[in-house]
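Undergrad: Take the sequence shown: its letters are residues 1 to 194, numbered as in UniProt numbering.
None of these hints come from the bench; they were simulated from the model. Note that the structure is a prediction, hence the values are computed from the model and not measured. Check each hint, because a few of them may be wrong.
Within a straight-line C-alpha distance of at most 30 Å, the following computed BS3-like cross-link-like pairs (lysine-lysine) qualify [claimed, not checked]:
(1) Lys91 x Lys101
(2) Lys94 x Lys76
(3) Lys13 x Lys121
(4) Lys141 x Lys165
(5) Lys101 x Lys4
(6) Lys4 x Lys58
(7) Lys58 x Lys76
(8) Lys36 x Lys101
(9) Lys83 x Lys122
(10) Lys13 x Lys91
(11) Lys13 x Lys122
(12) Lys148 x Lys101
(13) Lys121 x Lys4
(14) Lys121 x Lys148
(15) Lys13 x Lys58
(16) Lys122 x Lys94
(17) Lys121 x Lys149
(18) Lys58 x Lys36
(19) Lys94 x Lys4
(20) Lys148 x Lys122
(21) Lys58 x Lys83
(22) Lys122 x Lys91
(23) Lys58 x Lys94
(24) Lys58 x Lys121
(25) Lys36 x Lys83
(26) Lys121 x Lys76
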Amino acid sequence: MAVKIRLARRGRKRRPIYNVVVADSRSPRDGRFIEKLGTYNPNTNPATIDIDPDTAAKWLLDGAQPTDTARMVLSKAGAMYKKHLQVGVRKGAKTQEEADKLFDAWMSERSSAYAAELDAKKAAAEAAVQAELEAGIAARKAVVEAEKKAAAEVLAAAAAAQAAKEEAEAVVEATSEEGEAEAPAEETKEDSAE
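Given only the sequences and the hints, what does the whole structure look like? Please build it.
TA: Have a look at this one:
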């Protein structure tokens with residue numbers, strides 16, 4: 001019987017979550033399986049992988065062939081490295097204690113790198129939100145300043161128009177007064193000429 005390690009889809013429409021399962025290669029994708037190794041959730045960023053590396057390494061050593069995507073998931077979970085170390089133990093190149101120590105060191109390094117990646121993405125997201133807020137505030141300030149400037153220009157134009165109107169009225173009054181003053185003088189000249 002050809003045994004494969006593959007993904008069995010579950011979840012809802014457009015939001016898949018996968019079970020990593022050991023199944024006969026002839027069984028349907030989501031059908032009967034021999035053992036469930038864990039889960040893989042590609043919807044999170046970065047993807048969430050919850051697999052027991054010991055059980056997966058046991059199946060890999062027994063000859064189960066992972067599919068391409070399952071190989072990537074197993075590699076990120078540490079099962080492929082665990083299998084590599086166990087092959088070294090079987091050949092006598094390493095002792096079991098050395099292999100376990102190497103695997104634990106690798107896992108702690110991976111978990112710290114994963115935590116650092118999460119922190120970096122979270123910090124980048126927070127910085128992007130902060131930059132967007134600052135840009136929005138700056139845009140609002142620019143709009144308010146433009147409105148104030150426009151209002152000041154309108155007030156200045158209104159004041160200039162009012163001053164021009166008053167000046168025009170003053171000129172009209174001055175000309176009408178001069179006209180009235182000149183009119184009696186002309187009349188007196190005309191009266192004296194007769």
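Undergrad: If a hint holds in the structure, say so; if it doesn't, say that too.
TA: Okay, the hints, checked on the actual structure:
Under the criterion of a C-alpha separation no larger than 30 Å, the hint pairing Lys91 with Lys101 is consistent with the structure, at around 18 Å. As the CA atoms of Lys94 and Lys76 are separated by approximately 23 Å, the hinted pair is consistent with the 30 Å bound. Between the alpha carbons of Lys13 and Lys121 the distance comes to roughly 27 Å, so the proposed pair stays at or under 30 Å and holds. Straight-line distance between C-alpha atoms of Lys141 and Lys165 comes to about 35 Å, which puts the hinted pair past the 30 Å bound.
A threshold of 30 Å between alpha carbons decides the hint, and for Lys101 with Lys4 the separation of about 29 Å falls inside it, so the pair holds. Between Lys4 and Lys58, the direct Cα distance comes to roughly 13 Å. Compliance with the 30 Å bound is thereby established for this hinted pair. Note on Lys58 and Lys76: the hinted pairing holds, with a Cα-Cα distance of about 16 Å set against a maximum of 30 Å. Taken as a hint, the Lys36 and Lys101 pair is honoured in the structure, with Cα atoms around 27 Å apart against an allowance of 30 Å.
Note on Lys83 and Lys122: the hinted pairing is violated, with a Cα-Cα distance of about 33 Å set against a maximum of 30 Å. Between Lys13 and Lys91, the direct Cα distance comes to roughly 47 Å. Violation of the 30 Å bound is thereby established for this hinted pair. Distance check on the hinted pair: Lys13 and Lys122 sit about 27 Å apart at the alpha-carbon level, within 30 Å; holds. In summary, the hint linking Lys148 to Lys101 is not supported, as the alpha carbons are separated by about 69 Å, beyond the 30 Å threshold.
Between Lys121 and Lys4, the direct Cα distance comes to roughly 35 Å. Violation of the 30 Å bound is thereby established for this hinted pair. Distance restraint check for Lys121 and Lys148: the Cα-Cα separation of roughly 40 Å exceeds the 30 Å cut-off, and the hinted pair is therefore not satisfied. A distance of roughly 33 Å separates the Cα atoms of Lys13 and Lys58; the hinted pair therefore is violated under the 30 Å criterion. Using a Cα cut-off of 30 Å, the hinted pair Lys122 and Lys94 is violated, with the two alpha carbons roughly 40 Å apart.
The suggested pairing of Lys121 with Lys149 is violated, with an alpha-carbon distance near 41 Å, which exceeds 30 Å. For the given pair, Lys58 sits about 13 Å from Lys36 by alpha-carbon distance, which is consistent with the 30 Å threshold. Annotation: proposed proximity of Lys94 to Lys4 holds, straight-line Cα distance about 28 Å (limit 30 Å). For the suggested pair Lys148 and Lys122, the alpha carbons sit about 39 Å apart, so the restraint of at most 30 Å is broken.
Proposed proximity of Lys58 and Lys83 is supported: the alpha carbons are some 8 Å apart, at most 30 Å. Straight-line distance between C-alpha atoms of Lys122 and Lys91 comes to about 44 Å, which puts the hinted pair past the 30 Å bound. Between Lys58 and Lys94 the CA atoms are separated by roughly 18 Å; this keeps the pair inside 30 Å, and the hint holds. Taking the CA atoms of Lys58 and Lys121, the gap is near 34 Å; set against the 30 Å cutoff, the hint is violated.
Taken as a hint, the Lys36 and Lys83 pair is honoured in the structure, with Cα atoms around 18 Å apart against an allowance of 30 Å. For the hint linking Lys121 to Lys76, the alpha-carbon distance of about 19 Å falls within 30 Å, and the restraint holds.
The structure shown violates the earlier hints numbered 4, 9, 10, 12, 13, 14, 15, 16, 17, 20, 22 and 24.
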